[in-house]
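Engineer: Given chain W, put chain B in place with the hints provided.
Same order as they appear, the protein sequences are chains W and B.
Under the working numbering, the first residue of the first sequence carries the number 21, and numbering increases by one thereafter.
Under the working numbering, the first residue of the second sequence carries the number 67, and numbering increases by one thereafter.
No lab work stands behind these hints: they were computed from the structure.
Don't take every hint at face value.
[Stated by the list, open to error] List time: in silico DSSO-like cross-link candidates among lysine-lysine, alpha-carbon distance up to 27 Å:
| # | chain 1 | residue 1 | chain 2 | residue 2 |
| --- | --- | --- | --- | --- |
| 1 | W | Lys39 | W | Lys50 |
| 2 | B | Lys296 | W | Lys107 |
| 3 | B | Lys243 | B | Lys87 |
| 4 | B | Lys361 | W | Lys114 |
| 5 | W | Lys175 | B | Lys405 |
| 6 | B | Lys176 | W | Lys273 |
| 7 | W | Lys275 | B | Lys152 |
| 8 | B | Lys147 | B | Lys121 |
| 9 | W | Lys114 | W | Lys50 |
| 10 | B | Lys163 | B | Lys176 |
| 11 | B | Lys158 | W | Lys273 |
| 12 | B | Lys356 | B | Lys388 |
| 13 | W | Lys275 | B | Lys121 |
| 14 | B | Lys163 | B | Lys243 |
| 15 | B | Lys373 | W | Lys50 |
| 16 | W | Lys107 | B | Lys373 |
| 17 | B | Lys176 | W | Lys275 |
| 18 | B | Lys359 | W | Lys275 |
| 19 | B | Lys373 | W | Lys273 |
| 20 | B | Lys411 | B | Lys383 |
| 21 | B | Lys296 | W | Lys275 |
| 22 | B | Lys283 | B | Lys87 |
| 23 | B | Lys87 | W | Lys275 |
| 24 | B | Lys152 | W | Lys273 |
| 25 | B | Lys416 | W | Lys300 |
| 26 | W | Lys35 | W | Lys146 |
| 27 | B | Lys373 | B | Lys296 |
| 28 | B | Lys434 | B | Lys373 |
| 29 | W | Lys114 | B | Lys243 |
| 30 | B | Lys356 | B | Lys147 |
| 31 | W | Lys307 | W | Lys175 |
| 32 | W | Lys114 | B | Lys176 |
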Amino acid sequence: MVDLFEILIGKEGDKDYQKKPVIVQGITGKFGAFHTQQMLAYGTNIVAGVTPGKGGQKLEGVPIYETMNEAVGATGAKISIIFVPAKFFLSAAKDALEAGIKLLIAIPEHVPVKDALTIVELAKKKDAIVIGPNTPGIIIPGVMKIGIMPASPFKPGRIAVISRSGTLMYESSHNLSVANFGQSICLGIGGDPINGTPLIEAFDIIRNGANIDGVIVVGEIGGDAEEMLAQHIIDTKFDKPVVAYIAGRAAPKEKRMGHAGAIVYGNYGSAESKVSMYTKANVPVAKRPAEIPMLLAGKLGKGRIK
Amino acid sequence: MRLLEYQAKSLFEDYGIPIPKGLTSTDIEQGRKDASALGFPFVIKAQMAVGGRGKAGAIQKCQNADEFELKYPDIMQKVVKGEKTKAILLEKMADIKKELYLSLFLNRGKRCYTIIASVDGGVEIESVKNQIIHEVGLGNVDAKTAEEVGKQMGLKDKTLTQFIDILQKLAKITVEKEAELAEINPLAILGDDSVVALDGKVIIDDNAMFRHDELRKFQEVSELEERAEKSGFSLVELDGNIAVVGNGAGLVMSTLDMLSDNGGKPACFLDVGGGATTETVYEALTLISKMKKVKGILVNLYGGIVKTTTVATAFIKAYEDKVIDLPVFARMSGAEADKSKEMFKGSRTKMFDTIEEAINAAVIEMNKNG
Numbered sequence: 021m022v023d024l025f026e027i028l029i030g031k032e033g034d035k036d037y038q039k040k041p042v043i044v045q046g047i048t049g050k051f052g053a054f055h056t057q058q059m060l061a062y063g064t065n066i067v068a069g070v071t072p073g074k075g076g077q078k079l080e081g082v083p084i085y086e087t088m089n090e091a092v093g094a095t096g097a098k099i100s101i102i103f104v105p106a107k108f109f110l111s112a113a114k115d116a117l118e119a120g121i122k123l124l125i126a127i128p129e130h131v132p133v134k135d136a137l138t139i140v141e142l143a144k145k146k147d148a149i150v151i152g153p154n155t156p157g158i159i160i161p162g163v164m165k166i167g168i169m170p171a172s173p174f175k176p177g178r179i180a181v182i183s184r185s186g187t188l189m190y191e192s193s194h195n196l197s198v199a200n201f202g203q204s205i206c207l208g209i210g211g212d213p214i215n216g217t218p219l220i221e222a223f224d225i226i227r228n229g230a231n232i233d234g235v236i237v238v239g240e241i242g243g244d245a246e247e248m249l250a251q252h253i254i255d256t257k258f259d260k261p262v263v264a265y266i267a268g269r270a271a272p273k274e275k276r277m278g279h280a281g282a283i284v285y286g287n288y289g290s291a292e293s294k295v296s297m298y299t300k301a302n303v304p305v306a307k308r309p310a311e312i313p314m315l316l317a318g319k320l321g322k323g324r325i326k
Numbered sequence: 067m068r069l070l071e072y073q074a075k076s077l078f079e080d081y082g083i084p085i086p087k088g089l090t091s092t093d094i095e096q097g098r099k100d101a102s103a104l105g106f107p108f109v110i111k112a113q114m115a116v117g118g119r120g121k122a123g124a125i126q127k128c129q130n131a132d133e134f135e136l137k138y139p140d141i142m143q144k145v146v147k148g149e150k151t152k153a154i155l156l157e158k159m160a161d162i163k164k165e166l167y168l169s170l171f172l173n174r175g176k177r178c179y180t181i182i183a184s185v186d187g188g189v190e191i192e193s194v195k196n197q198i199i200h201e202v203g204l205g206n207v208d209a210k211t212a213e214e215v216g217k218q219m220g221l222k223d224k225t226l227t228q229f230i231d232i233l234q235k236l237a238k239i240t241v242e243k244e245a246e247l248a249e250i251n252p253l254a255i256l257g258d259d260s261v262v263a264l265d266g267k268v269i270i271d272d273n274a275m276f277r278h279d280e281l282r283k284f285q286e287v288s289e290l291e292e293r294a295e296k297s298g299f300s301l302v303e304l305d306g307n308i309a310v311v312g313n314g315a316g317l318v319m320s321t322l323d324m325l326s327d328n329g330g331k332p333a334c335f336l337d338v339g340g341g342a343t344t345e346t347v348y349e350a351l352t353l354i355s356k357m358k359k360v361k362g363i364l365v366n367l368y369g370g371i372v373k374t375t376t377v378a379t380a381f382i383k384a385y386e387d388k389v390i391d392l393p394v395f396a397r398m399s400g401a402e403a404d405k406s407k408e409m410f411k412g413s414r415t416k417m418f419d420t421i422e423e424a425i426n427a428a429v430i431e432m433n434k435n436g
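One chain only, chain W, in its complex shape (with noise of 0.2 Å):
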């Protein structure tokens, strides 16, 4: 499979370490637009912008393309972000990974399930990874940035945190940065019920790649990836200090609570049986965002004291 870190900010000695180009796929709407501006201020190496209909235009200086194998074909980016509604994702999904994007970053909310999957077995076929739908994006704290997240909560550090939920993946971090826990990377697998790299796939790829000390899961009520983790923790003897949070769980039964993936059926999906999951993981759940550093720093001192 190819390897996260290695598409997003390459080898240290690469010509363009840690300056990979990527391609905005909507770059002309407004959330486009206004994110690509943000994403250059923070130094990602925005290339390439492709709108039908708007060929030949600049954006912020950057060139625009009508179709994603032009510019492909222009940059030789393997990374791109998407912006464009919903209803036109499949669409843009397919044409980036027909043209060999290698990573796909998929930002819009309400995606159907039928298109979401659609684009997790096609990028399979293609060798590519999925980021999303309905993700905030990745960030390397102090590098680059490539997503909808502030740059304000983030700091760079040896935390990981990977989270479902894109403003919880910004509170948890600004609790990390004012404890002083900077982070290595923050990426979120989106809220929807098919994520094209699931929480313990992106818990492998993070654990494998980055300088870490330390692992934050910010996940909430629906499914059963946080058990799944739990599980894949104890199997592999995961040695590193894990914190989790969970949201939802004042949460209604069978309601869906903002996300699409945040609905619980019977028992599954609920708090209580994640909690439980992870508290045999040894994995201790915080009942606050704010408490998130606390436990952090509680793990890493018992593992100082070893």
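Structural biologist: Relative to the frame of chain W, chain B by itself:
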């Protein structure tokens, strides 16, 4: 969107899955006409989006007109697990020999559709024994797969042939209507070995509704939910008295949890979406003003890119326009927080540095008012 039983069954009928003869009504006059058209005896079934109807007395047998006059109104006003009866289905009784379980559902962990089938159906899925589980990718089920499942269940002859047909048709519904779940429980084998769907539960992917105008007739949204949807918000109405508003589903859920931990009672979950602008927050306040039970508003906004003054402007305007006249307890992180606090001086909005402080203040205030 979860379809009611009669709605799911109308899909079954469209696709050729056998169902018992039945008629649906929402008032007793129509119910009487249905009863005489159908002929006694039959079953009266409350149509509500919840399991466990039988145990709660929301499904009852009916032998004659006297019983009908008693049972119809009784079932019409049933409330099970907070869900009210939306309509009543009168259905012919079936001569049941055996009850099976059959469903296709979106398996989130495996990222594919999965068949669950069992010869021991008729109970809630958690208690269904001898489950046969089969992954089927995007949901299509060919005849060979359907036959394998049927044989694993021990079905034979006419029953097996019908089962294969039903499973393939259920799969067709799942794929074509973009369902997250299509369940028949029980799927009954009758005295003559034929197979009939006695119940139906179908959940359609809300995000795919833009491709399914034909299903709109089944959609039931409250006026508030409709307005919220138009603005791109997510709204879930709850029983308490403190409206909870924020940007981002995770953040609002988290706020709901903390409020409940502190003894507060949330009146709603309102996510105004990732960004927050003067317009979206103003519209959110307008929606909340229409909820009668709300006595206070708890706001948790993670600013970041958004300036808190942008949001504060919405509150000031909402008070000036008399859209709201409620105490607001707000935590807004982000730029220009001090300036926002200044703007709120003398208004009924209090700004706090942390959400914990805002929650404490909200709970104390609500308790003061009894």
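Engineer: For which of the previously enumerated hints does the structure constitute a violation, in increasing order of number?
Structural biologist: Numbers 4, 10, 11, 14, 16, 19, 23, 25 and 28, in rising order.
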